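Residue numbers (this note's numbering): -4 to 143.
Derived by calculation from the structure, the hints in this document are not laboratory data.
None of these values were measured; they are calculated from a predicted model.
Each residue gets a CB set at the ideal place from its N, CA and C atoms; glycine is no exception.
Where hints are given, some of them may not hold.
[Claimed, not checked] The calculated label-pair distances, taken between Cβ atoms and stated as ranges, are: (1) R115 with A80: 22 to 28 Å; (2) R94 with A28: 37 to 43 Å; (3) W16 with T96: 28 to 34 Å; (4) A74 with A22: 18 to 24 Å; (5) V130 with L56: 44 to 50 Å; (6) T72 with R25: 21 to 27 Å; (7) G13 with R86: 33 to 39 Å; (8) W123 with T96: 35 to 41 Å; (9) R91 with A0: 32 to 38 Å; (10) T96 with F124: 33 to 39 Å.
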Amino acid sequence: MPSPAVLALGTTALCASGCVWYLPAAADLRAGADRPVSRRLAAAACLTVWATVALSAPLLLAAASWTTLGAVTAVGTGAAVLLAALARARRGHEERATRRTWVALRLRPPARGRPSGAARSTRVFLCWFLPGYAVAAGALAVVLVGGR
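Model the full assembly from the supplied sequences, consistent with the hints where possible.
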């Protein structure tokens, strides 16, 4: 089983490379009312995930028990999932309000046809990434539990 220092180093490297997600999320939160509420909630979910990962590095270095590390990870992941669900629900409300506004103006809302190339590529990425991430997390759990 790898030493906690190696795991902490890997976690730190992962956090450093994750700046492409958490820096734009921090900018969205700092923009305040310039961004829709749903976008700010999604940014808070993103920052919660990365803060959870970042918090695990010092816990690994401090040789915290796996139970403690698992509890911190579970709480952080749960909070992020809750924030993401709230963001999705809020986005639905915002989209319905936008449609009502277009109807009140007696104009046709912008067409919502097939997803754009970016939206489709995001879906394809997530369809491949999420199962792989789940398998990797499961394999790590098996290695960590089996190493005892």
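For this session: Enumerate the violated hints, using their earlier numbering and listing them in ascending order.
Result: Per hint list: 2, 5, 7, 9 violated.
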